[in-house]
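Colleague: Chains as they are written, first to last, in this note's numbering: chain X, 1 to 94; chain P, 1001 to 1451.
Heads up, some of the hints might be wrong.
Just so you have them, the derived chain P footprint on chain X, three or more residues with Cβ under 8 angstroms [claimed, not checked]:
| id | region |
| --- | --- |
| 1 | 44-58 |
| 2 | 76-86 |
When the alpha-carbon atoms are kept at most 30 angstroms apart in a straight line, the in silico DSSO-like pairs for lysine-lysine are as follows [as the list claims (entries may be wrong)]:
| id | chain 1 | residue 1 | chain 2 | residue 2 |
| --- | --- | --- | --- | --- |
| 3 | X | Lys43 | P | Lys1365 |
| 4 | P | Lys1365 | X | Lys89 |
| 5 | P | Lys1365 | X | Lys78 |
Hints are computed from structural coordinates only; laboratory data are not their basis. Cβ coordinates follow ideal geometry from the N, Cα and C atoms, glycine included.
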Amino acid sequence: MKVDKELIKRVAENSRLNLTEYEINEFLPQLKEVLENFELIQKAPTKDLEPSFQPLEIKNITREDKIEKTLSQEDALKNTKHKQNGYFKGPKAI
Amino acid sequence: MIIQHYLKDVKKGNVSVKKTVKSILKEAKTLNKKYNCFNVISEDLALSLAEIQEKNPKGRLSGLPISVKDCICVKNVESRAGSEILKDYKPPFNATVIQKLIDEGAIIIGKTSQDEFGFGSFATNTNNIPKNPLDTERATGGSSGGSACFTQLTKNPHVSIAESTGGSIANPASFCGVSGLTPTYGLVSRYGLIDYANSLDKIGIMSKKVEELSPILDIIKGYDKKDSTSLNVKVKQDNKIKKIAIIKETFEIDPTIKDAVLSNLKDYDVVSLPSVKKYAIPTYYIIAMAEASTNLAKYCGLRYGATLPLKGNFNSFFSEVRSKHFSKEAKRRIILGTFTRMAGFREAYYLKAMKVRTLLINEYKKAFKKYDILISPTMPIIAPKFSEIEKLSPLENYQMDILTVGPNLTGLPHLSVPTGAIGKMPVGTMLISNHLQENKLIEFGKQIEKI
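Chain P extracted, bound-state conformation (with noise of 0.2 angstroms):
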C-alpha cells in the first residue's frame, strides 16, 4: 500500500497507527537480525509518538512510520553517523527534519546504519554491515545503505529519510531497487546534520514507490534560520517536460547495465559533458575531504562521544582519542583533506577544485538550456559481493562514484529509480534537473519506474 493511501485510511479511523508501529517495529526487528539495517530501533520513541496520534491523529502525515539515515539527530535516540567515536551521544535536539516530521505527526522508528560520517560507497566501512535485501552475499551500496535496505524489505507504510554528500542516496537505491531523491543543495535545512562536507551534504528521501516522494519532500524542504546555507527561494513549480537527453559518456559502461536504462527510454537526444567525466571524481574529493578533515576536528573525547581517562597534555589527550575511536578510513580522509588545506599545497588543490565545480555546474547549466532532464545510469555496475569489495583499494573504491558525483558536486537534484534489473540484482536510471526542480524528477520518475 502507498503512504497516500495509509494516510486516508488512518484520517478516517479504518487502521491503527499503534497496531501499524507495533507491526512495524517487530519486523524492523526480525529483519534487523539478517541484514542489520538499522543501528538503533526507537521502540520507546515510536510508541509514545503512536500513542498521541492515536489519541488525537494531527499532522499532514499522521502515524507514519519514518526510519532515519544514523547521521541525523534524533533527541535522546543514540545518533551517531555510524562511528564508533560517537558511541552513546544522545542529542539533546531534533534536527529540523526531524522535528518537521513530527510535528506533522510522523513515526520515528530507529536509526538506520551507514558508513562511517558517509564515507563509503558499500556502507562497508561501518561496524554494522548492511546487506543487500535480494543476495545477503552483496552489499547495499552506500553510504545511506541501512536506509535503502529496509525500504526495500518492508510490507509496512514507510520512507526513510536518507542524507547524500556525493551519491549517497541515488547509490544504495539502485543496488536495492528503490526510489531515491537528493534535492537541490540548501532546501532542505541541514540543521542537526552530523556533517561530512558542508558544501555537498543533502538530505533526502527514499521511497517504495516515486510518488511517495512528494508528500515527504512538501514538508521537509524550506527555509530554515538555524542553517546558514538554507535557501530562501520561492520555486516556480512547473512539471512540463519538453526534452530529455542521456549523457553520452556515463553510457561509456557494461553493456547489461546500459542496455537495462536505455530499453526503457524514448524519444532523446544525446549530450556530451566531457569536464564532468574527466574532473569530477578528482574534485569531487578534493572537496569532500578537505571539509572533512575540518569537520572531525571537533570530535575530541571532551564534549560527546567516545572518550579516554583524562592524561597528559590536551593535544596527547586529543591525539590519542582520536587515534584510538576512528576507523581507517576516516583517518585516510582526514590525513588527504589536511593535506590539501595545507600552506603551499591550498592554491593547487582545494582552490583549484572550487574553481573546477564553477566549470562544471556551467557544463550542466548549458545544457539544462535545452534540455529539462538529463539521464545517466546510476551506477556503472550491480550491487557488488563484499568478496569483491575487499579487493578494491581506496582510489578504486572512490571511482564507484564517478556517476553521482557530478550532480552532488553541483548541487543538482537528482532521482535515481529502478527501471530494471540483471538476474535479480536491481538497476537504476538517474534522473538529473536543473535547481530546484524537482517536481520534473518526480514527474518523470513515475512515468519510467519499474517495481
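Just chain X, with the same shape it has in the complex (with noise of 0.2 angstroms):
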C-alpha cells in the first residue's frame, strides 16, 4: 500500500480535519513508518480464531424500556455557546 499526501489528505478529510502543509509533511514520514509496524501483525497466525472485540466475553445486556429520569434542558445545554430558545444552535446544514 502506498502511503502519499494525497492519501493523507483523504483520511484527513474524512476525519474532519484540516492539516497544514507542514503538518503533512511532518507526518508522511511518521505515518509511513508506523504503517509499516502495524504491518507485523499480518504475519500471525490466527487461522480459525475468532476476533474479541472485548478482552473478556460479555453478553449483551438489555433493560426494560421504561421512562427514567435524565439530564434537565438546562443542564444539557449549560456547556455550551451555541443555544437558541433552549435548543443547540449547530452551522448550516446546506
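Build the complex: two chains, separate frames, hints provided.
Modeller: Right under this line is the structure:
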C-alpha cells in the first residue's frame, strides 16, 4: 500500500481535520513508519480464531424500556455557547 | 500513615476531617507550583464534602482525600482529559466511581494532569506537564502522570483514581515509585470516563502502599447498568499463590533494570510468551487508535468544550474547531485510526488485530493454567529526561509500552509495585494474574514491595 500526501489528505478530510502543508510533511514519514510496524501482524497465525472485540466475553445487556429521570434541558445546554430558545444552535446544514 | 489507620482515627473522632482536608489542599497548591500534578484543585467541593463528614462521619471512606485523573467526570468540576478541546467543560453528572466514593464519605480534592485523552507514555502530550517527584528534569510517565506524582509526594492520607488503556497506570506508578493497580477489564464501571478506547479503558487505583488498594477496589468495583461492558459476575476469592513465573522475553532489556527486578524474587519458573512480544504493540495500537478515532468524532464545538463562532456549513465549522483545538498527537492518532477502519483496509488491520488479540489471550490463558502470577519489569527504562523524550519519533514513543500493552490488550489485571531503584530513580515490578484475580496480585505485591 502506498502512503503518500494524497492518502493523508483523503483520510484527514474523512476525519474532519484540516491539515496544514507543514503538518502533512511532518506526518508523512511518521505515519509511514507506524503503518510499516502495523504490517507485522499480518504474519500472526490467526487461522480459525474468532476476533475478540472485547478482552472478556460480554453478553448483550438489555434493559426495560421505561421512562427514567435524565439530564434536564438546562443542564444539557449548560456547557455550550451555541444555544437558542432551549435548543442547541448549529452551523448551516446545507 | 496508611489510609486504614487514618480511617479508623476518623471513625473514633481522633482526627479532624476538615483539618486534614485543609492540610492536603494547601499541600496540593504548593506542590502544584513545582510539579504540575493537578489541572484543577477542587477546593470548594473538597471543603463542602469535608464539612459534611466532619459533622456526621458516614461511609467506609469517611474523610479520605482522593485525587482523580482528569478524564474521569466530576460534577461541576472542569474535566477536560488533559485536552484543550474540552476546556471549561463541567460535567453535569458524576462518573459512577466518583459517586460511589462520595457516597462512602470520600473527599474529591482535584483533577490530576495527564496526556491529552491518555495519548502518551510520558504525560508530555498536554499543556500542563507533570514533573517527576524524584528528579524534575525527568517525566512522571503517563498517561496518569499527575496521579502518580502527587501520590508519591503527599504526606497526607490519600489515594488517586487513575485510568489505563495501554499501561497508563503501571507506567507512571513505576517511574514515580508508587503502587498502581489496573483491574480486570469491565470490573470497574467506565460510566463517566472520557473514553480513549472502549475495549481497552480500565479505571484503577494508585497508592503509596499496596495494602491501601484493597479498601478502594472493594468500593469502586461492581456491576453498573449504565456501562454496557460492565461485568456482572461473582468472583471466587482466592489469595493462594502456588506458583509464579517470570516472562522470559520481558527481561531481554537493560541488565540494571533486569537485576533490580529479579533480585527481589525467588522460587520462580520461566515462561515464554513469544506472540505477546511479537504482536502486542502493533495489535494494541491498531485497536486503540481505531477506537480513539471514533470516540473523538464527538468533539465538534457544538454541545460542549472549546468552540469558535458559528460560520460556514457544518462540515467546515466542525473541521475548523477540531483542527484548532486538537493537539498534534491527537491528530496523528485520528488519522491512523481512521485509516485502519476505512473500506479496503479494515480487514487487514482492524479485524486482523481483533483476531490477534484472541491469539494473545490464549497464550496468557495457557500460562495461567500453571501459574498464579506472571512477572515482568513494568518499564524497560527508568523515567527518562524531557530532553531525551523530545528526540523520540512517534513509533519510538509507542514502543516504550512494550511491557505494559500485553495485559492491557487482554484485559488482565496487573499491579506495578516499587521494588528497587537505580540511583534515586524507582524501578517497578509488574505482576499479572488471570482475569478477576486481583486479590492474588495484592497479596503478592505486599510481599515484594519496597518503599
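Colleague: Going through the numbered hints above, which ones does this structure break? Give me the numbers in ascending order.
Modeller: The structure conflicts with hints 4 and 5, although it agrees with all the remaining ones.
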